[in-house]
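Protein chains: 2
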Amino acid sequence: MTRIVECVPNFSEGRRKKVVDAIADTARAVEGVRVLDVEMDATHNRAVITFVGEPEKVKVAAFACAAKAVELIDLNQHVGEHPRVGAVDVIPFVPISEVTMSDCVQLARSLGEEISAQLNVPVYLYEAAATRPERQNLAKVRKGQFEGLREEIRTNPERAPDFGPSELHPTAGAVVIGAREPLIAYNINLGTGDLSIAKNIAKAVREKDGGLKHVKALGFETDRENVVQVSMNLVNFRETPVHVVFDAVRSHADEYGVPIVGSEVVGLIPEDALVDSAEHYLKIEGFSRGQILEYKLRE
Amino acid sequence: MTRIVECVPNFSEGRRKKVVDAIADTARAVEGVRVLDVEMDATHNRAVITFVGEPEKVKVAAFACAAKAVELIDLNQHVGEHPRVGAVDVIPFVPISEVTMSDCVQLARSLGEEISAQLNVPVYLYEAAATRPERQNLAKVRKGQFEGLREEIRTNPERAPDFGPSELHPTAGAVVIGAREPLIAYNINLGTGDLSIAKNIAKAVREKDGGLKHVKALGFETDRENVVQVSMNLVNFRETPVHVVFDAVRSHADEYGVPIVGSEVVGLIPEDALVDSAEHYLKIEGFSRGQILEYKLRE
Chain A
18 MTRIVECVPN FSEGRRKKVV DAIADTARAV EGVRVLDVEM DATHNRAVIT
68 FVGEPEKVKV AAFACAAKAV ELIDLNQHVG EHPRVGAVDV IPFVPISEVT
118 MSDCVQLARS LGEEISAQLN VPVYLYEAAA TRPERQNLAK VRKGQFEGLR
168 EEIRTNPERA PDFGPSELHP TAGAVVIGAR EPLIAYNINL GTGDLSIAKN
218 IAKAVREKDG GLKHVKALGF ETDRENVVQV SMNLVNFRET PVHVVFDAVR
268 SHADEYGVPI VGSEVVGLIP EDALVDSAEH YLKIEGFSRG QILEYKLRE
Chain B
18 MTRIVECVPN FSEGRRKKVV DAIADTARAV EGVRVLDVEM DATHNRAVIT
68 FVGEPEKVKV AAFACAAKAV ELIDLNQHVG EHPRVGAVDV IPFVPISEVT
118 MSDCVQLARS LGEEISAQLN VPVYLYEAAA TRPERQNLAK VRKGQFEGLR
168 EEIRTNPERA PDFGPSELHP TAGAVVIGAR EPLIAYNINL GTGDLSIAKN
218 IAKAVREKDG GLKHVKALGF ETDRENVVQV SMNLVNFRET PVHVVFDAVR
268 SHADEYGVPI VGSEVVGLIP EDALVDSAEH YLKIEGFSRG QILEYKLRE
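Protein sequences, first through last, are from chains A and B. Sequential numbering of the first sequence, starting at 18, is according to the working numbering. Sequential numbering of the second sequence, starting at 18, is according to the working numbering.
Just so you know, the hints here were simulated from the structure itself, not pulled from any lab data. Wrong hints could be hidden among the right ones.
Identical copies carry no separate label here, and so any pair may be met within one copy or between two of them.
[Said to hold, decoys possible] Quick list of in silico lysine-lysine cross-link-like pairs, DSSO-like style, CA-CA up to 30 Å: (1) K34 / K220; (2) K230 / K313; (3) K160 / K225; (4) K233 / K35; (5) K85 / K313; (6) K157 / K216; (7) K157 / K85; (8) K160 / K34; (9) K216 / K85; (10) K300 / K230; (11) K233 / K216.
So that you can see chain A by itself, here it is in the shape it has in the complex:
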């Protein structure tokens, strides 16, 4: 099997398609790298590019994207709803196959050194690549945003970058690089028109309010009558599997006497997340991934 890393860089540009295309094209130009997805959001004024390949090639593509974004994006001109500190705002590496989290941490650090040295942009490491516990949390690294960090990075030793100058790049700000598990966008639909139930269950299951670790959740209305939604991001399905989240939501819904009418996976989901859930519900013991026919074929 091939070693595969996913990289999902976020850029502070969600309106000028030409700029986003130019950035994505630098990744496409790297042999062995496949761009799976390019998403632009005008309200957030932000773009997310997803590409995969062998670790070293993905790093080359990530550097190329960063260089192009530093060239084309001026954060002083940037207004949008999403918090950001950089033109290349965040670069997470995600282990997919035959690659460990620790490989991705190495990749993040090595890309960080390269970007700071060659593009003169300060670099912060976050999540699994963080060098200080508080930097595991991206929101804390991004606190104050581009405008606020400009002053803090010079004066507050707590905000010193991991690599590069203690001064923001005048137009590109800083970049936050890290390693994390794949994120799963998973929504559960409840058979009720009562939005407060979705909001209460979201609050009960999300980490922030003492619920399940690695779960972010909000309650929303939907465009279907008498259906509200618990909309979630599962940021570490290995530690908090999809079935644990589903069962927790179901158990709360049961208390309200409300049925689960269905669920949806938005975007991509790792195969392992589904196989883990099948193993759980079917109570399969002593199972090894090598028993999956297709895994054996790919060996």
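Using the hints provided, position chain B relative to the given structure of chain A.
Here is chain B on its own, set in the frame of chain A:
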């Protein structure tokens, strides 16, 4: 993605390792074919070889195995518990990826013509490749075994082969070739020492006694105290999914007030069977296989 067919020929030799190795080696010698498994059973005096590859290459390997078995196995010397009509007893083709059942039926027929013409062995087609409804059932095709079929094939038009002479090969008998879905060996363990409960549930869920289609089931003791087992073969997981079988066994177990303590998959299971179960239990709607990260990577 590559087109992949699995072939799982059964040979009437489970004691002489040299013979089985020689047969498996003919498949290994075909470029592009991978031998995944070779199993010998002395009691049954039978060997099962599993290999995969592109359809045409798998057919070449299947023919090579058959030719070697016809050369090395004399059914007149064969004694074993398992019913058989041929040195190469059964050759099923199984669609794995980018291949339809109808492709496998074509493969079975084309191999049948080739074996009958070149090895002078009569060929019967079974399951999805059958040319008569009663031949969908392998047990009926094999009725009377080598010894009984020798007479019947000459005298009874109902037993005429699909290809080749109306006379058994003197040492190799006949060969039964077909196409079928992958078989899943799936056992569910019940938390009771009462064997009759496992036997009753097996009877309730198996097709033969009016239970679930495509399910074969027996009740067994296990080597664990107070654990008995419903041991099953699921011969078409697309029509009767694993989760349907699990839920049926659970529902019967509930009636006896007996818990399911676990289950096991013996050997290989297709990925789709697990993904289908995850989708079912997590109530995922509108899901496409293209959302599985690894599928997207293989595209």
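Going through the hints against the structure:
1. K34 / K220: This pair counts as neither: shortest intra-copy Cα distance 36 Å, inter-copy 63 Å.
2. K230 / K313: The answer is between: 28 Å across copies meets 30 Å, while 33 Å in one copy does not.
3. K160 / K225: within (17 Å within a copy, 67 Å between copies)
4. K233 / K35: So K233 and K35 fail the 30 Å test inside a copy (33 Å) and across (60 Å) alike.
5. K85 / K313: Classified as between: cross-chain Cα gap 26 Å, same-chain 40 Å, threshold 30 Å.
6. K157 / K216: within (25 Å within a copy, 60 Å between copies)
7. K157 / K85: within (26 Å within a copy, 69 Å between copies)
8. K160 / K34: within (28 Å within a copy, 69 Å between copies)
9. K216 / K85: Cα proximity of K216 and K85: none, with 41 Å in one copy and 68 Å across.
10. K300 / K230: Close inside one copy (23 Å) and across copies (22 Å); limit 30 Å.
11. K233 / K216: For K233 and K216, the Cα distance is within 30 Å only inside one copy (12 Å; across copies 47 Å).
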